[in-house]
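Engineer: Each chain, letter by letter, is given below.
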Amino acid sequence: MALLQINEVEKSFETANGKVKALEKIQLDVKKGEFITVIGPSGCGKSTLLKIVAGLDTEHEGSVLLDNRKVTGPSIEKGFIFQEPRLFPWLTVEKNIAANLPVNIKETKESVKQLIELVRLKGFENAYPKELSGGMAQRVAIARALLRNPKVLLLDEPFGALDAFTRSHMQEVLLDIWQKNRTTMLFVTHDIDEAIYLATRVVIMNPRPGTIREVIPVDLSYPRKKTDVSFQEIRQRVLSEFEKVEEQQATGAIQ
Amino acid sequence: MSNQTGVLTRSGVERTGQSVKETAVKRQRKRWPLSNWVRGLALPVLVILIWEAAGAYGLISATLLPRPSEILVAFKDLMVSGELFAHLKISLFRAVLGFLLGGGLGLLAGLAVGFSSKTEQTLDPTLQMMRTIPSLAVIPLFILWFGFGELSKILLISKAAFFPLYVNAFLGIRGVDSKLFDVAKVLQFSKWKQITTLILPAALPNILLGLRLSLGAAWLALVAAELMGSSEGIGYLIMDARQFSQTSIVFVGIIIFAVFGKASDSLVRYFEKRLLKWRDSFIG
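The listed protein sequences derive, respectively, from chains D and Y. Just so you know, UniProt numbering puts 141 at position 141 of the first sequence, and the rest follows in order with no gaps. Just so you know, UniProt numbering puts 89 at position 89 of the second sequence, and the rest follows in order with no gaps.
For reference, chain D alone in the conformation it holds in the complex:
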């Protein structure tokens, strides 16, 4: 039984030139403990899909089921990591992670402490967000979501604004978390290497209207090496799918 079921999800926006379909017949089942990455060109509706799964966008056709219950709004069961860390600037790292939970209760304090170690921020408990680098701030955001024991963690291009070194470090941290906690991940990105490096399955999306083009399983053991032949083979496959998308776009534009 799938943990997360996305059934026939469709979404359209009203614009000045009439209705524009952003998502069409999205069908996807995610099993517990899977690491799914969603990749596609900009404007393919991958972030919209993630917002729908999170319950932040409820005006759509079709349904999203989490543990067989329909998603009707945002909740802590679906941890959400935005493109920016979105920390509360007036709270320290420790208090940002706790946020609305009282930090003086022993269990909360203990779990916050463990999470700070998990996201490798020991020694920064009392730092304010302004004192953190971009990668550190995003790790605080991840810890904040994990404290609520989400059934699924939804990540919307979380490392998009980071430099290459920090980005690969963050990928390590995230894989570490996934292997230790077995949290189901749904990760949106536009970076092909990142998508293949992390995922158990890569979902490739088509733009205008957003549809799922292909789901490619990545049967490589962790830790993966981006230079391995098997990694490069999968990369070629994803790239050739992308080229087809572009061709299709070009002919579509001519028509």
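Because the hints were derived from the structure by calculation, they are not lab data. Virtual Cβ for every residue (Gly too), placed ideally from N, Cα, C. Some hints could be false.
What follows is a set of in silico ranges between Cβ atoms, one per label pair, in the way DEER data are often shown [to be verified]:
id, chain 1, residue 1, chain 2, residue 2, range
1, Y, 195, D, 15, 29 to 37 Å
2, D, 17, Y, 267, 54 to 62 Å
3, Y, 195, D, 2, 36 to 44 Å
4, Y, 196, D, 125, 16 to 24 Å
5, D, 43, Y, 271, 42 to 50 Å
6, D, 7, Y, 196, 35 to 43 Å
7, D, 240, Y, 196, 47 to 55 Å
8, Y, 195, D, 181, 51 to 59 Å
9, Y, 116, D, 230, 56 to 64 Å
10, Y, 196, D, 12, 35 to 43 Å
11, D, 84, Y, 131, 32 to 40 Å
12, Y, 150, D, 125, 46 to 54 Å
Below 27 Å or equal to it, Euclidean Cα-Cα: the simulated DSS-like pairs (lysine-lysine) are [said to hold, decoys possible]:
id, chain 1, residue 1, chain 2, residue 2
13, D, 122, Y, 191
14, D, 244, D, 25
15, D, 130, Y, 118
16, Y, 193, D, 109
17, D, 151, D, 25
18, D, 226, D, 244
19, D, 95, D, 70
20, Y, 191, D, 95
21, D, 95, Y, 118
22, D, 130, Y, 76
23, D, 70, Y, 185
Following the hints, put chain Y in place on chain D, whose structure we already have.
Structural biologist: Showing chain Y alone in chain D's frame:
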């Protein structure tokens, strides 16, 4: 890969080192080293010296501009007789009470209007209209209604202190980043938590600014209220001394106003520094 991690840890260490250095710099700035004091005091000290010298050589009239030493003597005499303290007490009483009444109501109204657009539609147009009425224009009305007693003075100060806090509290609440509201939604904040951990801290910089402006406005209104007619207070001291051409006492009164105005402003700034240390702003 191991090589890469090595690089990463090293850059991580560097980053930590840098932030330690940064906090050290900030701490040094907070301490205000002696040279800063010297720089701040140089100009007033120079002016006082020239002034004293010019007075001593008879270059300026003693009735129009008494020497600093004469002002100091007048100050000492007023202190010894206890007159100054009595006047100061009543002035402070008026200012504090007026500020608490006007500022408190302004804060409450600003929060109410900020939190609800219905309240905004009901209250804001009327309040904005009243805001534009100059305090001096309502003085005759206040005297007619409430007489020359304490009530008219305190209400005049309240009116002045109301608006800066009202406008800024309102502005602060409406200025909260909507992206953080999404976070509050995803983390399932209760309404109460949303107010206490998101809206109020985010609005605090504006509220504190409103507080400073309100204090300043209360102080100005106090002077206007006391000059319009009273039998005690620092404003009265100034008016009374003017009638007898005791210019040095006029100066004492003015200096008292300046000192207390600055002191109250510094107090709020102190709280600003402590409460808003999370802010990442340009320090010059």
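Engineer: Can you give the numbers of the hints that this structure goes against, from lowest to highest?
Structural biologist: Checked against the structure, the hints that fail are numbers 8, 13, 15, 19, 21, 22, while the rest are satisfied.
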